[in-house]
Amino acid sequence: MIVAHPSLPGVRRVFLSNPKAQTEYDVIVVGSGAGGGMAAYQLAVAGLKVLVLEAGRNYDPVRETPMFKLPREAPLRGAGYREKPFGFYDATVDGGWEVPGEPYTNAPGTDFRWWRARMLGGRTNHWGRISLRMGEYDFKPKTRDGLGADWPLTYQDLAPYYDRTEMLIGVYGGDDDLENTPRSSPGVLQPAPAPRAVELLAKKACGPLKIPVIPAHLAIMTKRQDANTLPKRIHPDNPLAQRVLAQSMRERQACFWATPCGNGCSIKANFQSTTVLLPPALATGNVDIVPDAMVREVTVDRTGKATGVSYIDKRTRTDRHVKARVVVLAASAAETARILLNSKSEQAPNGVSNSSGLVGKYLMDTVGAGLGGQIPILENLPPHNTDGASGMHMYMPWWLYQEQLAGKLGFARGYHIEFGGGRSMPGNGTFSGLETYTQGAYGKRLKEEARRYYGSFMWFDGRGEMIPNEDSYCDIDPDTVDQWGIPVLRFHWKWSEHETRQAAHMQKTFAEIIEAMGGKLTGRVETDGSRAIARGGQIIHEVGTCRMGDDPRTSVVNQYGQSWDVKNLFITDGATFVSNADKNPTLSILALAWRSCDHLLDELQKRNIG
Amino acid sequence: MSDAPELPNTDGTDTPIGADESAPVTLKRRDALRVLAAAATLPVLDGLAAGEAEAQGTTPRPAAPAAAPATQAPTGVTPGPRGTLADPDLLYPRTNWPRRLTTAEMVTITALCDVIIPADEKSPAASAVGAPSYVNEHVSAPYDGNQRDLVRVRGGIAWINLESRKRFSRDFARLTAAQKTAICDDICHLPNAKPEFRAAARFFDLVRDLTATAFYTTDAGMKDIGYVGNVAMPKFDPPPPAVLRQLGLE
Ligand SMILES: Cc1cc2nc3c(=O)[nH]c(=O)nc-3n(C[C@H](O)[C@H](O)[C@H](O)COP(=O)(O)OP(=O)(O)OC[C@H]3O[C@@H](n4cnc5c(N)ncnc54)[C@H](O)[C@@H]3O)c2cc1C
Ligand code: SF4
Numbered sequence: 117m118i119v120a121h122p123s124l125p126g127v128r129r130v131f132l133s134n135p136k137a138q139t140e141y142d143v144i145v146v147g148s149g150a151g152g153g154m155a156a157y158q159l160a161v162a163g164l165k166v167l168v169l170e171a172g173r174n175y176d177p178v179r180e181t182p183m184f185k186l187p188r189e190a191p192l193r194g195a196g197y198r199e200k201p202f203g204f205y206d207a208t209v210d211g212g213w214e215v216p217g218e219p220y221t222n223a224p225g226t227d228f229r230w231w232r233a234r235m236l237g238g239r240t241n242h243w244g245r246i247s248l249r250m251g252e253y254d255f256k257p258k259t260r261d262g263l264g265a266d267w268p269l270t271y272q273d274l275a276p277y278y279d280r281t282e283m284l285i286g287v288y289g290g291d292d293d294l295e296n297t298p299r300s301s302p303g304v305l306q307p308a309p310a311p312r313a314v315e316l317l318a319k320k321a322c323g324p325l326k327i328p329v330i331p332a333h334l335a336i337m338t339k340r341q342d343a344n345t346l347p348k349r350i351h352p353d354n355p356l357a358q359r360v361l362a363q364s365m366r367e368r369q370a371c372f373w374a375t376p377c378g379n380g381c382s383i384k385a386n387f388q389s390t391t392v393l394l395p396p397a398l399a400t401g402n403v404d405i406v407p408d409a410m411v412r413e414v415t416v417d418r419t420g421k422a423t424g425v426s427y428i429d430k431r432t433r434t435d436r437h438v439k440a441r442v443v444v445l446a447a448s449a450a451e452t453a454r455i456l457l458n459s460k461s462e463q464a465p466n467g468v469s470n471s472s473g474l475v476g477k478y479l480m481d482t483v484g485a486g487l488g489g490q491i492p493i494l495e496n497l498p499p500h501n502t503d504g505a506s507g508m509h510m511y512m513p514w515w516l517y518q519e520q521l522a523g524k525l526g527f528a529r530g531y532h533i534e535f536g537g538g539r540s541m542p543g544n545g546t547f548s549g550l551e552t553y554t555q556g557a558y559g560k561r562l563k564e565e566a567r568r569y570y571g572s573f574m575w576f577d578g579r580g581e582m583i584p585n586e587d588s589y590c591d592i593d594p595d596t597v598d599q600w601g602i603p604v605l606r607f608h609w610k611w612s613e614h615e616t617r618q619a620a621h622m623q624k625t626f627a628e629i630i631e632a633m634g635g636k637l638t639g640r641v642e643t644d645g646s647r648a649i650a651r652g653g654q655i656i657h658e659v660g661t662c663r664m665g666d667d668p669r670t671s672v673v674n675q676y677g678q679s680w681d682v683k684n685l686f687i688t689d690g691a692t693f694v695s696n697a698d699k700n701p702t703l704s705i706l707a708l709a710w711r712s713c714d715h716l717l718d719e720l721q722k723r724n725i726g
Numbered sequence: 459m460s461d462a463p464e465l466p467n468t469d470g471t472d473t474p475i476g477a478d479e480s481a482p483v484t485l486k487r488r489d490a491l492r493v494l495a496a497a498a499t500l501p502v503l504d505g506l507a508a509g510e511a512e513a514q515g516t517t518p519r520p521a522a523p524a525a526a527p528a529t530q531a532p533t534g535v536t537p538g539p540r541g542t543l544a545d546p547d548l549l550y551p552r553t554n555w556p557r558r559l560t561t562a563e564m565v566t567i568t569a570l571c572d573v574i575i576p577a578d579e580k581s582p583a584a585s586a587v588g589a590p591s592y593v594n595e596h597v598s599a600p601y602d603g604n605q606r607d608l609v610r611v612r613g614g615i616a617w618i619n620l621e622s623r624k625r626f627s628r629d630f631a632r633l634t635a636a637q638k639t640a641i642c643d644d645i646c647h648l649p650n651a652k653p654e655f656r657a658a659a660r661f662f663d664l665v666r667d668l669t670a671t672a673f674y675t676t677d678a679g680m681k682d683i684g685y686v687g688n689v690a691m692p693k694f695d696p697p698p699p700a701v702l703r704q705l706g707l708e
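Which chain is which? The protein sequence lines are G and L, in order.
The first sequence: position 68 = 184 (the working numbering), numbered continuously.
The second sequence: position 96 = 554 (the working numbering), numbered continuously.
Bound conformation, chain G alone (with noise of 0.2 Å):
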């Protein structure tokens, strides 16, 4: 029985409630968060029957998003906690850094930490919408400096993906053109929204540092689509298409700067797989969506081809098992790696499409730093709005490539900054800590002080590249098993010098930014990089365990996420990353996967799979 959900008027919604009426679609795709919504979409606007299974409950933006709620209508005025590690109101369902019933280990030694979420569209609903892309020197690291591995396609392969992703999902930024720091195609991109205070500040200051401070990109619209025009340059050739994303266009306002972007946006302005892509997906009516499905092992025939997948319905705690002609898997980067290596058959005794043993290797996170700083400048400033698109207006990018090259930097991969601060709401702990300042300030002197405080204090974070090692990797835990009886995810980790090293060159340049500014560090400058860097898994953009390349014995997927050993299996998800640059990286995820569906669509045409 299929039923329609009423929860969007205008988009027929359709969950499968009982999959035993259909057995057979052409593909299944696991997940629906970044790869998996796009894979969905990308299928199903090309006509075929897609299934997705999804682990999480259903999950509608639309009526879920606390919109304009302030803390202190939220218990303990939104903090965080366990469960809400991100704070009350944070789009997270079911997760955070650990998910009810499903844990992960980490070997001895290990500290890695893996946050998801367990809702339709994943992480997708609360994650920092910076969206850049990977440069020319991204896709050949080992060419230009002999360390990782290069990657089976370049930058101009992606480039029209990436132009049409941004085109399809919204992106704002500049049209600035730096070194590895690729500008879109005319027209792509939206507009960036006008710098804040506190970023004009800091691109001064970076001035005579020769830091480039500028627009940042982010999965926002500052302005609406036009859906008379991009659905026709987006897909030329496709009228179905065209419709449902008209339709989808139509339905999505831009943004009215306010509400942080974290807790989702009701309004659609800003990208979440449940508001961009699954609508138009579901309203092509090739679509079911079955949510609590936690998909455990893709399953094979005796030619090794893939035949469907057994999950575990939630819901009544049952084993159910759907075949398709094709399998995608974008259950994200190390749960796709779990379900490969929970694979087994006598064909594939250490997992499906795992002939070269690396499915759970090279897995990687990025770098990261920060430093804070309280600026005097900033103090007492005139009251004006500063929300803004609630993620940053500007960024800087990594400026210093040629100096990395010629060694005198003794760390090989750069980093970007992201940064921020100022008169933005206040929350619980805004302000805290006004003792250290104020000398102990109370009575109506502590008043004073918080007017004169609030809004001078900014952060900086560093975002960089990690490059693969044989030490890091996740592999199947022996011990342990999830409520649902799947055995659970090891993960093993060490960071090298040149990651320690690259925290350390963050943590000396925020100073130098924040000095430049008149301001005081508010933490510790650690020449020890080792206890600057954040933990694996922190930042929350692990990618590789199933990466892509030319040769099936040195790679899991062919440069289009296609299993070298199960033609049908294909990955869209960060799991395929050979590297992972300082570009945050789920753009990469969004235009990679088009890119598979493209040769998934080709694949099935040529008659080679399916």
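Simulated from the structure, these hints should not be mistaken for lab results.
The structure displayed is predicted, hence computed values, not measured ones.
For each residue, glycine too, the CB sits at the ideal point set by N, CA and C.
The reader is advised that the hints may include incorrect statements.
What the hints assert, rightly or not - Some chain L residues well away from chain G (every beta-carbon gap over 10 Å; in silico):
1) Ala544
2) Asn604
3) Gly613
4) Lys624
5) Phe626
6) Ser627
7) Ala631
8) Thr634
9) Gln637
10) Pro653
11) Thr671
Said to hold, decoys possible - List of simulated lysine to aspartate or glutamate pairs, EDC-like, C-alpha gap at most 16 Å:
12) Lys624(G) with Glu642(G)
13) Lys319(G) with Asp279(G)
14) Lys624(L) with Glu654(L)
15) Lys256(G) with Asp292(G)
16) Lys256(G) with Asp598(G)
17) Lys185(G) with Asp677(L)
18) Lys524(G) with Asp261(G)
19) Lys439(G) with Glu628(G)
20) Lys430(G) with Glu218(G)
21) Lys258(G) with Asp666(G)
22) Lys320(G) with Glu579(L)
23) Lys326(G) with Glu519(G)
24) Lys560(G) with Glu579(L)
25) Lys580(L) with Asp677(L)
26) Lys460(G) with Asp666(G)
27) Lys580(L) with Glu564(G)
28) Lys430(G) with Asp279(G)
29) Lys560(G) with Asp643(L)
30) Lys610(G) with Asp587(G)
31) Lys326(G) with Glu631(G)
32) Lys339(G) with Asp695(L)
33) Lys681(L) with Glu564(G)
34) Lys580(L) with Glu565(G)
35) Lys560(G) with Asp578(L)
36) Lys610(G) with Asp591(G)
37) Lys439(G) with Asp142(G)
38) Lys326(G) with Glu295(G)
39) Lys348(G) with Asp292(G)
40) Lys185(G) with Asp547(L)
Could you slot chain L with the ligands onto chain G? The hints should help.
Relative to the frame of chain G, chain L with the ligands by itself:
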């Protein structure tokens, strides 16, 4: 520590507030309310007493209607929070854990909140916008960090009353402004506090932080410091000239 700026912890330490397994007890009651509300489509008030909610500047709200009618959606796939700690109802939040501080303890906390944030020409005193009941909410919460704070706050209340009686023969709340100041000056700054006042200084700083969080998240507090956001706008303007002038960015 991701792209989103990190959220400050309530207790100012690096440890996230841990959860207590006993918390779901209150949620069971809440589920019952939700079913009830759906059955009768009657508004059910939030767990807070209405008066207290008002004092906090929180309007009591009817409980969420239990999503869509059963005829329209199959069970289990209806969107909507389940009301657990990991999936709370964000539109109709509730803080319905039992309050731990006694009436007498609240008298002391109220007095202390108003010493920390008194009324002035720009904004009211902390107690006028419900800060004392926020302190109670915080120390009553069923998380590890909050439970530690409960001990500190309770101990601090006992200490400050003893100290008041020792010096001025009355409880803290009944002291004159000058007498209150005499005590608070000894405990308002940990680095300067004499050894015998160090524990009290930690208590004072905790209550100062809690009072400031409570106060500056209310309308009156946000107005006081000049936070003017959280309003939908057709466009986002660059900083006004007065701001650029102050920053030397003209
Ligand atoms: C707070 C935060 C801020 C971030 N900011 C940024 C940013 O600014 N820029 C950026 O590029 N990236 C950012 N990220 C990272 C970004 O969210 C991820 O890169 C992106 O969501 C990955 O997409 P995905 O499809 O691989 O995984 P997800 O979005 O996590 O989706 C995977 C989905 O698969 C489901 N699933 C998992 N296991 C199974 C299973 N066994 N069976 C069925 N379904 C399953 C999950 O429930 C989930 O819905 C941020 C992340 C967080 C948490
Ligand atoms: S800032 Fe803009 S895009 Fe972000 S949630 Fe608010 S309205 Fe939506």
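Going through the hints against the structure:
1. Ala544: Violated: least Cβ distance 4 Å, not greater than 10 Å.
2. Asn604: With a cut-off of 10 Å, Asn604(L) comes too close to chain G, as the shortest Cβ separation is near 8 Å.
3. Gly613: Given that every Cβ of chain G is farther than 10 Å from that of Gly613(L), nearest at about 19 Å, it holds.
4. Lys624: Lys624(L) clear of chain G: closest Cβ-Cβ about 21 Å, beyond 10 Å.
5. Phe626: 18 Å, holds
6. Ser627: 24 Å, holds
7. Ala631: Non-interface label stands for Ala631(L): nearest chain G Cβ at 16 Å, farther than 10 Å.
8. Thr634: For Thr634(L), whose nearest Cβ neighbour in chain G is about 14 Å away, the distance exceeds 10 Å, so it holds.
9. Gln637: For Gln637(L), whose nearest Cβ neighbour in chain G is about 14 Å away, the distance exceeds 10 Å, so it holds.
10. Pro653: Label holds. Min Cβ-Cβ 16 Å, cutoff 10 Å.
11. Thr671: 5 Å, violated
12. Lys624(G) with Glu642(G): Given that 16 Å is the threshold and the Cα spacing comes to 8 Å, the pair holds.
13. Lys319(G) with Asp279(G): It is violated: about 28 Å lies between the C-alpha atoms, which goes past 16 Å.
14. Lys624(L) with Glu654(L): 14 Å, holds
15. Lys256(G) with Asp292(G): Outside the cut-off at roughly 22 Å; violated.
16. Lys256(G) with Asp598(G): At roughly 39 Å apart (the allowed maximum being 16 Å), Asp598(G) and Lys256(G) break the hint.
17. Lys185(G) with Asp677(L): Distance of about 13 Å is within 16 Å: holds.
18. Lys524(G) with Asp261(G): Answer holds: Lys524(G) to Asp261(G) is near 13 Å, not above 16 Å.
19. Lys439(G) with Glu628(G): The given pair, whose Cα atoms are some 58 Å apart, is violated under the 16 Å limit.
20. Lys430(G) with Glu218(G): Judged against 16 Å, a Cα distance of about 12 Å means the pair holds.
21. Lys258(G) with Asp666(G): At roughly 14 Å apart (the allowed maximum being 16 Å), Asp666(G) and Lys258(G) satisfy the hint.
22. Lys320(G) with Glu579(L): 37 Å, violated
23. Lys326(G) with Glu519(G): 13 Å, holds
24. Lys560(G) with Glu579(L): 10 Å, holds
25. Lys580(L) with Asp677(L): Holds. Lys580(L) to Asp677(L) sits at ~13 Å (cutoff 16 Å).
26. Lys460(G) with Asp666(G): 25 Å, violated
27. Lys580(L) with Glu564(G): 10 Å, holds
28. Lys430(G) with Asp279(G): The hint is violated at about 38 Å.
29. Lys560(G) with Asp643(L): This hinted pair holds, its Cα atoms lying about 14 Å apart.
30. Lys610(G) with Asp587(G): 6 Å, holds
31. Lys326(G) with Glu631(G): 15 Å, holds
32. Lys339(G) with Asp695(L): Given that 16 Å is the threshold and the Cα spacing comes to 14 Å, the pair holds.
33. Lys681(L) with Glu564(G): Holds, at roughly 13 Å.
34. Lys580(L) with Glu565(G): Distance of about 14 Å is within 16 Å: holds.
35. Lys560(G) with Asp578(L): At roughly 7 Å apart (the allowed maximum being 16 Å), Asp578(L) and Lys560(G) satisfy the hint.
36. Lys610(G) with Asp591(G): 15 Å, holds
37. Lys439(G) with Asp142(G): Roughly 9 Å separates the two Cα atoms, so the pair holds.
38. Lys326(G) with Glu295(G): 14 Å, holds
39. Lys348(G) with Asp292(G): Given pair Lys348(G), Asp292(G) is violated - Cα atoms ~27 Å apart, limit 16 Å.
40. Lys185(G) with Asp547(L): This hinted pair holds, its Cα atoms lying about 12 Å apart.
In terms of the numbered hints stated before, the structure departs from hints 1, 2, 11, 13, 15, 16, 19, 22, 26, 28 and 39, listed from lowest to highest.
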